[in-house]
Amino acid sequence: MKIFLTGASGFIGSHLLGSLIGSGHEVICAVRSELQEKAMLERGAQAWPGDLFDSGTLAKGLQGVETFIHAAGCRDISSSKQVLDTQNALLTQAVLVAAEEAGVSQFIFIGAASVVIPGPIPMMNIDETYPIINQEFLPYIRSKAQAEQMVLIARSKKMKTVVLRPTFVWGSGDSIDSLIGPAVERGQFGWFSGGRYPFSVCSVMNLCEAVEKTLAYSGTEQIFFISDREPVDFRSFISARLTASGYPIPKFTISRRLAWWLARFTENGWKYLPLPGRPPLVREMICLMGYPFTVSIQRAVKELGYEATQKYSP
3 MKIFLTGASG
13 FIGSHLLGSL
23 IGSGHEVICA
33 VRSELQEKAM
43 LERGAQAWPG
53 DLFDSGTLAK
63 GLQGVETFIH
73 AAGCRDISSS
83 KQVLDTQNAL
93 LTQAVLVAAE
103 EAGVSQFIFI
113 GAASVVIPGP
123 IPMMNIDETY
133 PIINQEFLPY
143 IRSKAQAEQM
153 VLIARSKKMK
163 TVVLRPTFVW
173 GSGDSIDSLI
183 GPAVERGQFG
193 WFSGGRYPFS
203 VCSVMNLCEA
213 VEKTLAYSGT
223 EQIFFISDRE
233 PVDFRSFISA
243 RLTASGYPIP
253 KFTISRRLAW
263 WLARFTENGW
273 KYLPLPGRPP
283 LVREMICLMG
293 YPFTVSIQRA
303 VKELGYEATQ
313 KYSP
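Residue numbering for the sequence shown follows the working numbering, beginning at 3 and increasing consecutively.
These are computed hints drawn from the structure, not numbers from a lab. Even for Gly, the Cβ is constructed at its ideal location relative to N, Cα and C. Mixed in with the good hints there might be a few duds.
[What the hints assert, rightly or not] Label-pair distances were calculated between CB atoms; the ranges are:
| id | residue 1 | residue 2 | range |
| --- | --- | --- | --- |
| 1 | Q84 | G271 | 17 to 23 Å |
| 2 | S315 | K4 | 32 to 38 Å |
| 3 | R231 | L92 | 33 to 39 Å |
| 4 | K83 | P133 | 37 to 43 Å |
| 5 | P120 | K62 | 29 to 35 Å |
| 6 | Q151 | G52 | 44 to 50 Å |
| 7 | P120 | L260 | 20 to 26 Å |
| 8 | T131 | R258 | 24 to 30 Å |
| 9 | G271 | L37 | 19 to 25 Å |
| 10 | L154 | K4 | 34 to 40 Å |
| 11 | K273 | L181 | 19 to 25 Å |
| 12 | L277 | D129 | 25 to 31 Å |
| 13 | L260 | G175 | 31 to 37 Å |
[To be verified] Listed below are the simulated EDC-like cross-link pairs for lysine to aspartate or glutamate, each with C-alpha atoms no more than 16 Å apart in a straight line:
| id | residue 1 | residue 2 |
| --- | --- | --- |
| 14 | K160 | E103 |
| 15 | K159 | E68 |
| 16 | K162 | D235 |
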């Protein structure tokens, strides 16, 4: 199958590329530099060096492509609302237009399980019937929810669209390696109310399996939660991953209630004062990582034949 992949230089996209090449697919990757282009060619993929926001030019580059996999975007919740909206929502809109114009038959969007989180509450065994959220104080979640809605609306007789909603994705090069671990070393990461609660996580290899199964999917469902089969204890999991990557384990813990107050205070400070950098704590972080969050993968198991064979073993 001829596939166009965005985000191939990122954590999830790089693993997807390896999986797709290994399965014998012809893969074209969007690249932003000569260095990225060289890396893609060395891995056996083709490179497309254009601007993804230029829908007309992209459409020409998609001639003959059967499936478009959109894994690009901004996953740094400390980024500004403008950056999140541009890199998540507006970019998705642009590539959808190009895919439709080029006659691509399938569009797979790597979304986020968090689009259903309305605020600081526990969410257990949720499924695809839960509504997606549009909260101003949750800019990352909001941008991913807007992108998802665009993908769902774009479905037509000519182009099937599917949204995969992975939970916290782990593996070599994940956010623990790139963000959380360094934050721990700076003394800027701790536990919310002790950190002992159930949490759904997703091996990047399980996500790759879900994408492969979606390529062959002929059913009508559009949304699938993707995670490992069993939830983990949040603190135990993060601690084990930090240890595996050579980072110290934080001992600091803060109550959710106090953290929420501090986050609101720091957000306002960075909003109204000329402070450098980004706020060290935001409310969205507490919603995403401070409460029990587990999902049901029964739809993916039933419809896609998803097996989720990988699990975390410290």
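Hints and how they fare:
| no. | hint | verdict |
| --- | --- | --- |
| 1 | Q84 / G271: 17 to 23 Å | holds, 19 Å |
| 2 | S315 / K4: 32 to 38 Å | holds, 36 Å |
| 3 | R231 / L92: 33 to 39 Å | holds, 35 Å |
| 4 | K83 / P133: 37 to 43 Å | violated, 22 Å |
| 5 | P120 / K62: 29 to 35 Å | violated, 41 Å |
| 6 | Q151 / G52: 44 to 50 Å | violated, 26 Å |
| 7 | P120 / L260: 20 to 26 Å | holds, 21 Å |
| 8 | T131 / R258: 24 to 30 Å | holds, 27 Å |
| 9 | G271 / L37: 19 to 25 Å | violated, 38 Å |
| 10 | L154 / K4: 34 to 40 Å | violated, 24 Å |
| 11 | K273 / L181: 19 to 25 Å | holds, 22 Å |
| 12 | L277 / D129: 25 to 31 Å | violated, 41 Å |
| 13 | L260 / G175: 31 to 37 Å | holds, 33 Å |
| 14 | K160 / E103 | holds, 10 Å |
| 15 | K159 / E68 | holds, 14 Å |
| 16 | K162 / D235 | violated, 37 Å |
The structure fails hints 4, 5, 6, 9, 10, 12, 16 (numbered hints given earlier, in ascending order).
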